[in-house]
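Add chain P to chain H, keeping to what the hints say.
Which chain is which? The protein sequence lines are H and P, in order.
Take 1 as the starting number for the first sequence in this note's numbering and just add one per residue.
Take 1001 as the starting number for the second sequence in this note's numbering and just add one per residue.
If you are wondering where the hints come from, they were derived from the structure by calculation, not from laboratory data.
As the structure is a computational prediction, the values presented were derived from the model and not from experiment.
It is possible that part of the hints are untrue.
To be verified - Pairs of lysine-lysine residues, derived as DSS-like cross-links and limited to a Cα-Cα distance of at most 27 Å, are as follows:
(1) K1276/P to K1344/P
(2) K1276/P to K344/H
(3) K276/H to K1276/P
(4) K1344/P to K276/H
(5) K344/H to K276/H
Stated by the list, open to error - Quick look at which bits of chain P chain H covers, simulated, 3 or more residues with Cβ under 8 Å:
(6) 1068-1082
(7) 1095-1102
We put the beta carbon where it would ideally sit given N, CA and C, even for glycine.
There are 2 protein chains.
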Amino acid sequence: MDQSPPRSPSVTVADVARKAGVSKATAARVLGGYGTVSDRVRDAVTAAARALDYQPNELARSMTTGRSGTIGVVVGDIENPFFSLAMRGITDVARQAGFTVVLINSGEDAEAEKAAIRTLLAKRVDGLIVSPAKESDVGHLREAARAGRPLVLLDRGSEMLDVDMVIADDRHAAEGITRRLIALGHRRIAYLTACDTPDHRFRTPSDINTGSVRRRIQGFLGVCREAGLDGMEDRVHVGAVTPEHTHRIVTGMLQSSQRPTAIIASDSVIGLEVFKVCRALGLSIPDDLSLVSFHDADWTSVTTPPVTVVRQPVYRLGETAAKLLVERLNGNHAEASRVVLQTKVIERASVAEAPV
Amino acid sequence: MDQSPPRSPSVTVADVARKAGVSKATAARVLGGYGTVSDRVRDAVTAAARALDYQPNELARSMTTGRSGTIGVVVGDIENPFFSLAMRGITDVARQAGFTVVLINSGEDAEAEKAAIRTLLAKRVDGLIVSPAKESDVGHLREAARAGRPLVLLDRGSEMLDVDMVIADDRHAAEGITRRLIALGHRRIAYLTACDTPDHRFRTPSDINTGSVRRRIQGFLGVCREAGLDGMEDRVHVGAVTPEHTHRIVTGMLQSSQRPTAIIASDSVIGLEVFKVCRALGLSIPDDLSLVSFHDADWTSVTTPPVTVVRQPVYRLGETAAKLLVERLNGNHAEASRVVLQTKVIERASVAEAPV
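Here chain H stands alone, though its shape is the one from the complex (with noise of 0.2 Å):
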């Protein structure tokens, strides 16, 4: 515990409660965010608190409440910057309603998760958000949920799961994506990601435990037939773990004689090997390849060219995780929704008509 004597003298709910002209419970009421109060009053409220930069006492909300003040987050990948903004987005709702984030990262390993949930729990989080590993073995996260611990799945549900959970119209995108790529005559399209099967080979879309990944691939593959494509499975590559995997597939793919004309990349990480491969080869992007990648990354925009993205809601995912969560800590007992936020296409200058 910080011994150390405080900076400034401690401001108390009291204090608070005063400069906002509202009763002690009122503002308790607010800065512990359980029961209602007006717009108006809650404003009042939080502008005191902020004005006074008031820190909620978190020993003395555990003794009341019988919580411990902090939600649990387990990730993927906090490396990939799709996770790390929806990090930002967890962490700015759950500060502002008085929580503290603690995250574990799994590496995307479903042991690793089982471990994280253990001792997030042994920890007594009060809640947990999750970007499941593998959305068919989540027999631990039911166990999470039922012992009482509320669970929000983050960017993948899952079907055996009752649980509230967010993620993005990642099939829609990926329809749209192939459309696109089809109209301007590409055929052999290849999908790469960085989920793996355990041949390391992509059959059906049903191989894939990453349901937002698994959506994609189903647009994908949707479209393809539609167009008449056929056969597009085995333009599906799976296991783009690691930057060198993916350099390895990639170069693999380009200097095959059937070479794809476009490319659609399932996370920035990749999409940036992709861009670096080329470049290594000589090239161009789009007049030899176009790239599409999943996920705005703040480089996507500097490169030459810049890459055309979907714009996935990132900072929206986990933000709207977080106060579904804490809505649920706050004695919210109603059924769990699925909320599915809207992606969108940015057009760059990566994509142009496949080459003749």
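Then chain P, alone, in the frame of chain H:
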């Protein structure tokens, strides 16, 4: 707790010992990371554990060792690729040693950092790795160390704490790039950092609370003075805390009559924003402006031109910090050590002679 049936029969320490051909006590020493064994025995046990997919039983260990098996990490900004890469270094070492890593993001806010430390101590982490937001405000860290929780400082030291720390040779790196820019004829060289001061102005390095950045600025100013450039304090810009802030600061400096001919960006998030502002203003890198960025972020090699960077040993910073912490947890009582890792300038194409 995960009460679902295990997917495969649990592998025990006895199984690992049998496969490695050593006693159970010896296998337990290796797997628990305590005591000493020969390299040969360690390798045999590690290989056996890997072959059998041995998962340490956290609960059992916690009961015998009094440890929770978790390491708490507090960093400034997990969205900065610097910290997410350092986290991988930490996590790789920790996992190998059987620890789960729990992360809290401080947002570079000293008060949030104090709350994070309180939370982690209350949750009984075994040790801490912290990148302090303010080196002068570390009473809470001293208390944590005094309370018997080993603490290692990451990337930022503090003269006020007698604990292990791992930092990069920031001053030397800044001196090197400043000399190079001056040799190319640059006189109006700006240094831009996210660190802030109360009035958002820079006067002297002691204004800067983050040691790594303070050392860089000291190096920058020292070399400038040697070269007869005075008053360069006015060219140190603070408060580039978000891309929006950076955009405003950079636009302002590039539109001034005495605009810089070179910018040193203190991290890759800032470097990226400088790049974007140049595009927006129609300025050419390196013809109109030379750019050097700290941190060899992935994207820096794919821009046109690719960016000259100071490659910091980021992964090794994390890895080394975790190794020092694990050694402390295993009973190392030696004096606190201060490890300084070398940086390297990667010359790409964003630096050229100063425009005449």
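For each hint, the structure was consulted:
no., hint, in the structure
1, K1276/P to K1344/P, "holds, 25 Å"
2, K1276/P to K344/H, "holds, 22 Å"
3, K276/H to K1276/P, "holds, 20 Å"
4, K1344/P to K276/H, "holds, 22 Å"
5, K344/H to K276/H, "holds, 25 Å"
6, 1068-1082, "holds (count 6)"
7, 1095-1102, "holds (count 4)"
Hint violations for this structure: none, all hints satisfied.
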